[in-house]
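Chains as they are written, first to last, in UniProt numbering: chain A, 1 to 362; chain B, 1 to 356; chain C, 1 to 443.
Simulated from the structure, these hints should not be mistaken for laboratory data.
Some hints here could point you the wrong way.
[What the hints assert, rightly or not] For the chain A half of the interface with chain C, some residues (derived, Cβ under 7 Å), not all of them:
(1) I46
(2) V48
(3) I51
(4) R140
(5) N176
(6) L270
(7) M277
For each residue, glycine too, the CB sits at the ideal point set by N, CA and C.
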Amino acid sequence: MGKSDKSLHIVLLYCLTQLGVIYFVYPEDIIASAEEGHWLPVVLGIFVNLIVTAAYMKGLRYFPKQDLIGILTGVGKTAAVLFLLPITVYLFMVNLITVRAFAEIITIVFLSNTPLWSIIALLLAISGLIAMNGAFSIMRTGVLLGLLFLPLMAFVIFMSFQNADWRYVFPLLDDNLGFLTHKSYLESLFAFATSFLFLGFVQPEFKYSPKKVLLGIVALIPFYLLAVYIPLLTFGRATASTFKFPFVMVVSTIQINWLMFDRVTMFLLLSLISFTMLFIALLIWQTGVIVGRTIPKVKMSYIVTALSVVTFIGCVMVRNWEDIEELFLCNAVLRLYVWLIVPFAVYLLGLREKRRSGYGNR
Amino acid sequence: MGIAKRLVLGFAAVCLAIPLAGCWDNTDINHRVLPVVMGVSKKEGVFRVFLQIPEPGMNRLRIRIVSETGNTITHAVDKISTNMEEHVDLLHVKIILLDKNYAREGVNDSITDFMRAREISSKALVTICDEELPVFFANVKRAMEQRGSTLYDFFEKNAGWNPQIALTRVWQVYRSIHSYTRDVAIPIVRSGKSLMIEHRGSAVIKNGRMVGRLNGDETLLFNAFSGESTQGRIEVMKSASVLIVSNTLHNRIGLRGRTPYMTSVLKLQVVLLETRGNPTNEVIMNELDELLTKRFMTMFQKIQSKQADILGIGQFYRMIIPRERLANWREDYYPRLEMNLRVQTNIQNTGFLNSP
Amino acid sequence: MEAFLQELKRSLGSNDDLFEMQYVFLGQVVTLLGYTTLTDISMTVSSLQQQEHNARGSRVGEEAFWHTIGSVHPLSVRLAVSAVLDGQVVLLIEGRTAMIVVDAVQRELTRAIEAPSNESVLQGPIGSFNEDLDTNLGLLRKQACTDSMRVLNYSAGVAQRKRLSLIYDARHADADMVGKMIAQIEANLDREIATTQTLSRMLGFTKWQAISKFNTTELPQEAVSAMTKGKVVILVDRLPIAYVLPNLLWDMFALENDRNYTVPIMIIIRTIRVIGVLLTLLAPAFYVALVAVNPEVLRIEMALSVAVSREGVPYPAIVEMLLMLVILELIIEASARLPKSIGPTLTMVGGIIIGQAVVTARLVSNMLIIILAATTIANSTVVGFQNSLSIRMFKYVTVILAAMFGVLGIMAGMVLLCSYLASLHTFGVSYINLSFKGEIKHG
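The following block holds chain A by itself, in its conformation from the complex (with noise of 0.2 Å):
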């Protein structure tokens, strides 16, 4: 079972959190980053964020049998303290951030009256219980969701082109790289800076094909660009920048009058939250991966538990939406470390790698 490739399944993993990430803050980052030709500052991003992918998976290449920890502990204690304790707490942060910010988009959108404790508890024990399960699990209830859920969103992604004006694509080309120092586009990279980390973690038991994920990055391109480009083109810059989920906002402007609901935006709400879902469960096992490492003897699925317990403590403890984008900011400085350096590190530990096994075949 574990020797078959697994490249469509983790493809599809990899793309749907991605889609469920970047349909709501990200919008109005890259909207807020930019006053014009906004193409540039999205394809950028994708474009390092493939660079990035591809050092990180050219470097896991180099240790086929083990899995990131491994090869993080395999230098060292050192240096598996160094960089498994970042991206440990990380990846926690990550998770708070996104339960939290997508309980408060729910109550915002539709569940007025519903206690936000709640929904917390709903994503997380939802989340949870797919984490438990372990990576192949996650990846199966990606395809099945995916086969769910993607085509209601193509629906209403299509439909969202109703109200476009196309004539808001003009200026095609902002002659200054302004965007590049905003505060909001290094926002916007949050978008990319989690989703890949898990591709070291399925690595010894199942296999995949780099060429495929990076295929999968390019496909996602249209997807990025439409997040951004839609509310741009139904709203023209000027008021899209004054909303906080642009994308929501033009969704809920659709009027289709065969169909019997009246609010579309329900149902692309919906597919994004159930690919975030399943982006949480990614979360939570793979730091129950790493906390599982250091402390073996406890059972996967109580370390999961007790994650998602912790993380509904702190989801709690969060009061309101500044203190997330406070959160957001402070983990700025580990979401660089995350995105750049682990990556490139792991790249450098191949190289070495690749010549140290080169010497002892010699």
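For chain A, the structure is supplied; the task is to place chains B and C on it using the hints.
Coordinates of chains B and C only, in the frame set by chain A:
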């Protein structure tokens, strides 16, 4: 086995959760009041909110009108909610009726609040009432209870809408508040004598404030220009009347120094309905061209003088004028715009008779 | 000899249908032992006499004669008991320490091959399995008609010894999986296998499965098609169904008999089944969610008409829904219990209750009745009764979550269900695989 334990635990959790279902107040649909129309007027800083609530009985539709004052719209709605036996839910408000005077004063804040709160759908239509709201609602209620229809039907694209009505939704008004290059037109209505409701053209809204009016014929041209279909409209001229079957618009734009110019060609497909005397096709076409061009230019001058770009002409200049200067489109460029409209008519058929 | 006979009788207990007779064959006094209810004694004896006559004629020796009438074994109480329970006759010869298990003429205790009673077949082979294992094996052989079919026979259980056959197609089945199954069965031969539950204990599955690990079928056609897809079929004596392992999600929607139609029709039929499952899971949940939590999702026209129909219903939507669902389950269960001749009465009474009376009495809204009817009908489109039971159960999860979280709850329920399905696997094969030869993807 782990799965078994998990299942049991999950089931226990679900069972424990059942009593929780009642904890947060989810009101069933029959205990909610779902207003369809909301009227808002403002006098001396105090809002007065009208809600038109359909109360479907077993056989016929009853309509209930409630109103209340408050310092804000939500305050007023909240007062209504406390005084009514059921929970007022604005989720289904389809039409927002603004008092004319309030619209002149500027509705920016209200529109922004509608967009902010999730309750009122951003798809709700915005209209302006040409008479006092209490009078309007009283008349409409009387007319409607006899007919059993709702006000909403008048604006439904697949029901009572016709090309003289400008359909504008909350999000479009909101967009016009922020956009550099786009204003909107909002339909004006009043209660009719014999008919339930009477259209009185549309209001030109610039940055959230009503600055002028268009009549029905002008609104038609506005709709044609915005790409809405004008199908079904009958144009009456001196020597004939025709039915417009379809319309397309082609624009050419340019910029001479700081003077933008625009040439638009409106292509109409028409069907001949009536003739007076024996006009040739050419005569009819020329007459139509003359009529529409003249009407359009009158309308255009009207809105140009108010610096309100309801046609969204500034949109076309997005690729020519850089963004920072486009921000001043309404003041710097738009008043100087040279507009040129040509109408090309094609008589698709002349009915069962040969053309005269 | 006497001692052995006494012990044998003691192990069989004092039964009035146990016979013990003495005969003389070729000058030897023999004792025959067996059950009159399982064997036809007079036929058996006359056949033995016929054989003795033949033996005399052809001057066959005594020793050779014993071998022709049955299998000669050394004295063994255990073997003798199981032979007698199997409907054979034990023959003991005076003064010898051997016994002969004679293949006796059986009483006709099995029904003939009939049309299936739990599945219906449209335009396809309708002969179905019955209680007799050998008949069933024969049916399979005849249907498959292939040289690669392999049959392994076991006898399992202590209190009740049952025969069990494991059948697979050597050309298609994964040797690993079959090996695992054989090992599992051989290690647990002392477990009882009288029911599906005990059988699944024997195969090492947990008792708490919401979805059966087996796909059951009464039709040889389906069983054979499963075998050619690499699955393993298990037959148990006295159970007129074939257990197909592993059960996959797609089996809920696909029937081999669909292939007796053209491809477009097959696709449409299967799509309908998928819609049926989704409708069962979603329709009641949507009603609860839209009425109680998220009325803004409905169009205003719908919202108003639902509101009218719910006017005067005294309890929340979830209670209304659960109440009617339970009544409906009762009707289904009751009509399964009742004899066929009384069944229609129940349907009629049930129809009156849910059709008109509840609505008129303002206990539930008539919108709910529509939803319920649609759900019940949709629920029955699934292939396999055990699958329809599982789906029937799952819909409560979505309904309860919907009552709490509205549309979000429905989505959460679906995610929960998906993750549950994804976590199931049987002998290393995941439940959601379309086929496990190529792995990945379901349809």
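Quick rundown of the hints versus the structure:
no.: 1; hint: I46; result: violated, 27 Å
no.: 2; hint: V48; result: violated, 31 Å
no.: 3; hint: I51; result: violated, 29 Å
no.: 4; hint: R140; result: holds, 4 Å
no.: 5; hint: N176; result: violated, 42 Å
no.: 6; hint: L270; result: holds, 4 Å
no.: 7; hint: M277; result: holds, 5 Å
In the structure shown, a violation is registered for the earlier hints numbered 1, 2, 3, 5, in ascending order.
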